[in-house]
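So the protein sequences, as listed, match chains Z and R.
Just so you know, we're using our numbering here: the first sequence kicks off at 1 and counts up by one.
Just so you know, we're using our numbering here: the second sequence kicks off at 1 and counts up by one.
Keep in mind that the hints are not guaranteed to be accurate.
Derived Cβ-Cβ restraints for the label pairs, each shown as a range [what the hints assert, rightly or not]:
{"id": "1", "chain 1": "Z", "residue 1": "L121", "chain 2": "R", "residue 2": "N72", "range": "26 to 32 Å"}
{"id": "2", "chain 1": "Z", "residue 1": "A31", "chain 2": "R", "residue 2": "P89", "range": "53 to 59 Å"}
{"id": "3", "chain 1": "R", "residue 1": "A200", "chain 2": "Z", "residue 2": "L121", "range": "50 to 56 Å"}
{"id": "4", "chain 1": "R", "residue 1": "G227", "chain 2": "Z", "residue 2": "R137", "range": "42 to 48 Å"}
{"id": "5", "chain 1": "Z", "residue 1": "F30", "chain 2": "R", "residue 2": "Q189", "range": "21 to 27 Å"}
{"id": "6", "chain 1": "R", "residue 1": "L148", "chain 2": "Z", "residue 2": "A31", "range": "33 to 39 Å"}
{"id": "7", "chain 1": "Z", "residue 1": "A31", "chain 2": "R", "residue 2": "E329", "range": "54 to 60 Å"}
{"id": "8", "chain 1": "R", "residue 1": "A200", "chain 2": "Z", "residue 2": "F30", "range": "58 to 64 Å"}
{"id": "9", "chain 1": "R", "residue 1": "N72", "chain 2": "Z", "residue 2": "P35", "range": "51 to 57 Å"}
No more than 30 Å apart at the CA atoms, straight line, and that leaves these computed lysine-lysine pairs for DSS-like [as the list claims (entries may be wrong)]:
{"id": "10", "chain 1": "R", "residue 1": "K314", "chain 2": "Z", "residue 2": "K197"}
{"id": "11", "chain 1": "R", "residue 1": "K237", "chain 2": "R", "residue 2": "K284"}
{"id": "12", "chain 1": "R", "residue 1": "K259", "chain 2": "R", "residue 2": "K314"}
{"id": "13", "chain 1": "Z", "residue 1": "K197", "chain 2": "R", "residue 2": "K237"}
{"id": "14", "chain 1": "R", "residue 1": "K35", "chain 2": "Z", "residue 2": "K119"}
{"id": "15", "chain 1": "R", "residue 1": "K320", "chain 2": "R", "residue 2": "K286"}
Simulated from the structure, these hints should not be mistaken for lab results.
Keep in mind that this is a model prediction, so the values were computed, not measured.
All C-beta atoms in this analysis are idealised placements derived from N, C-alpha and C, irrespective of residue type, glycine included.
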Amino acid sequence: MTAAAEGSPPLRMTRARRNALLQSEPVQGFALISPTFLYALILLVLPILVVIAHSFWTQHYLTIDRTFTLENYRVALTEPIYRDLLWRSLYISLTVSLFTVILAYPIAYFISFHGGRHKSLWLFLITIPFWTSYLLRVMSWKVILGYNGVLNSGLMGLGIIDEPSTALLYNSTAVIITLTHAWAAFAILPIFVSLEKVDRTLVEAATDLGDGPLRSFLRVTLPLSAPGVISAALIVMIPTVGDYVTPKLVGGKDGVMIANAIQAQFGKAANWPLGAALSVTTMLIVTLMAGATVLIIRALQRLAR
Amino acid sequence: MPEQPQIARPQSDRSQSDRAMIEIKNVTRSYGAFKALDDASLTIREGEFFSLLGPSGCGKTTLLRMIAGFDNPTSGSIAVGGQPMEGIPANRRPTNMVFQSYAIFPHLNVEQNVAYGLKRLRLQGGEEKRRVEEALAQVSLTGLGKRLATELSGGQRQRVALARALVMRPKVLLLDEPLSALDKKLREQMQVELRRLQQAVGITFVLVTHDQYEALAMSDRIAVMFGGRIAQVASPKEIYQRPVNRQVADFLGGMNFVKAEIVEENAASLVVDTLGFGRVKTDKPKAFVRNGGGATLGIRPERLRVLWDNATAKFEVAGKVVERHYFGEITHLIVEIPGLEKPLSVTETNDFGADDIPVGTPIRLAYDPEALVAMGD
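The task is simple: from the sequences and hints, build the whole structure.
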């Protein structure tokens with residue numbers, strides 16, 4: 001390349017300039033991230049912009065009026081039905097993430113601290129339910145919780161109840177149970193990873209300084225695994241707010257969530273702008289809630305010192 | 001926990017009481033067929049700076065961890081302060097440990113790290129704060145209490161680990177290779193400081209190290225270990241000058257080995273014939289094992305002195321310089337002695353020009369027959 005450049009001076013100039021450009025760190029950096037950046041732009045940012053734009057427009061039967069309006073947000077925030085659905089969604093997703101994390105932590109702890117040589121086997125076993133479709137897993141909870149379901153037959157067989165309970169299925173509790181099960185692995189993995197990173201010598205040091213197993217766990221292991229707990233909580237909480245398959249299948253009318261309303265607006269109700277406004281509102285509230293969760297866990301962590 | 005003595009102990013080999021602080025009796029630790037520690041017995045005295053010295057895998061860390069309670073003997077017993085430790089978990093033992101990696105809690109600052117063990121004691125009226133300050137002052141970290149562990153240098157982390165253990169006022173402080181992660185200069189400085197600190201607080205220190213100079217410089221007594229067994233327990237001087245066998249001699253620095261034939265043997269001494277050094281009478285070590293009619297004599301390179309010009313000595317050997325290595329303040333000479341199967345290595349300080357002796361020069365070396373020690377093979 002150098003030899004060729006020496007033969008033609010003008011070419012050498014441009015090449016030198018281009019080389020300088022290619023060698024500058026910012027340019028190299030942008031070049032490196034550009035495929036992922038474009039991917040993110042096209043698949044994440046653009047759809048969101050489209051949704052946000054729609055939320056300020058108005059639907060007129062089959063056409064969309066593109067004059068700016070805040071009417072959709074007024075409806076989304078003041079109509080009791082949407083407010084209730086939003087609250088219920090937040091309540092369900094918070095409860096689900098709380099239970100999921102509480103149930104996932106001991107499992108992750110066991111694998112990390114007592115898994116021995118079989119850690120990867122344990123992790124592999126945990127992923128097995130994910131080999132089947134999400135729908136199938138939700139349907140199987142219908143079988144367990146249903147009127148003639150496993151749980152009811154079992155309880156009747158034991159003589160605890162006389163007739164099948166209808167309180168198990170088609171309500172928000174059923175949604176919570178199903179979602180808690182469905183998201184378990186997503187909570188176990190990040191907690192496991194952060195537990196793996198806890199230096200075991202630190203636990204020994206805590207023991208050496210007089211802490212029993214429970215104290216050293218609360219004062220060292222738990223605070224140091226907090227990043228895993230935070231990500232587990234967020235990974236579960238954020239998508240469950242917007243879940244609409246589970247409430248549709250096991251929620252009944254008592255378990256309807258905001259995503260069902262959004263789906264209806266984009267589908268049967270054919271009011272895209274309102275659906276968009278509901279989506280944006282949900283997104284903002286989820287962001288706030290996620291931020292609050294991080295802050296609360298950090299504060300708890302500081303309290304543990 | 002006992003109150004810390006207010007007066008520093010005088011620095012001398014006889015400074016400690018003869019009361020046993022740690023008694024290790026016939027301790028074995030097996031992992032399947034492998035014995036990490038094989039029938040080790042040892043008594044560590046109160047107020048002593050004791051070192052467990054040996055190459056990696058010799059069982060020294062295993063022994064330390066068993067004293068701390070992180071591991072349990074397969075057989076045998078360990079007592080600390082007269083109290084048997086069997087069944088007592090690590091958190092209830094009167095020992096504290098300085099870990100090799102320091103194990104500073106990354107989510108806590110220096111003060112919180114040092115106060116970690118005190119929190120549980122719920123001390124009244126600012127006592128906790130006072131003790132933390134005192135411990136930080138002991139390790140010269142006053143004023144750094146609010147720093148995060150991640151903002152500290154290696155030497156500072158080491159001091160935090162030390163303060164965190166000392167603040168508990170343990171009967172025994174266990175140190176697992178505490179200086180191995182520091183650079184040479186800092187390590188040497190910390191050796192002096194650790195020794196001074198031990199003298200000041202009067203706590204029994206048990207140090208695990210593979211660095212013989214570290215052990216020699218700091219300890220009151222040293223146990224040298226090989227392959228799960230304790231080879232020798234003695235003062236640094238004794239270990240260095242009178243090693244019980246070739247392995248110990250080798251591990252503690254250079255040693256010239258000379259084959260010898262036993263002429264006369266009684267309870268306290270040996271008379272041997274050597275090719276290079278002639279007939280020599282030496283003390284018989286306690287653990288001496290007669291190897292047929294033979295024995296091995298050892299002499300440290302620095303105990304051989306170059307005789308200049310016409311100087312004479314009562315005991316001397318003659319030979320020829322075959323190699324010369326320059327080390328700054330000293331020169332290492334390899335001297336061939338007629339009759340000896342291996343040439344002798346000699347270290348000589350450079351103040352008389354040992355660094356200028358040409359290879360091939362005939363040379364005479366003076367020695368003290370006291371420096372020739374008999375040992376088992």
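Evaluation of the provided hints:
Distance hint check for Z/L121 and R/N72: the Cβ-Cβ separation is about 29 Å, which falls inside the suggested range of 26 to 32 Å. Here the CB-CB span from Z/A31 to R/P89 is close to 57 Å, well matched to the stated 53 to 59 Å. Checked against the hint of 50 to 56 Å, the C-beta distance between R/A200 and Z/L121 comes to roughly 53 Å, which is consistent with it. The hinted range of 42 to 48 Å is not satisfied by R/G227 and Z/R137, whose Cβ atoms lie roughly 57 Å apart.
Distance hint for Z/F30 and R/Q189: a CB-CB separation of about 48 Å, inconsistent with the stated range 21 to 27 Å. Checked against the hint of 33 to 39 Å, the pair R/L148 and Z/A31 passes, with Cβ atoms roughly 37 Å apart. The given range of 54 to 60 Å is respected by Z/A31 and R/E329, whose C-beta atoms sit roughly 56 Å from each other. About 60 Å separates the C-beta atoms of R/A200 and Z/F30, a value consistent with the hinted range of 58 to 64 Å.
Here the CB-CB span from R/N72 to Z/P35 is close to 56 Å, well matched to the stated 51 to 57 Å. For the hint pairing R/K314 with Z/K197, the CA-to-CA distance comes to about 66 Å; that exceeds 30 Å, so the pair is violated. Proposed proximity of R/K237 and R/K284 is supported: the alpha carbons are some 17 Å apart, at most 30 Å. Between R/K259 and R/K314 the CA atoms are separated by roughly 22 Å; this keeps the pair inside 30 Å, and the hint holds.
Restraint check for Z/K197 and R/K237: the C-alpha separation of about 45 Å exceeds 30 Å, so the hint is violated. This hinted pair checks out: R/K35 and Z/K119 have alpha carbons roughly 28 Å apart, not beyond 30 Å. Straight-line distance between C-alpha atoms of R/K320 and R/K286 comes to about 35 Å, which puts the hinted pair past the 30 Å bound.
When the structure is compared with the earlier hints, violations turn up for hints 4, 5, 10, 13, 15 and for no others.
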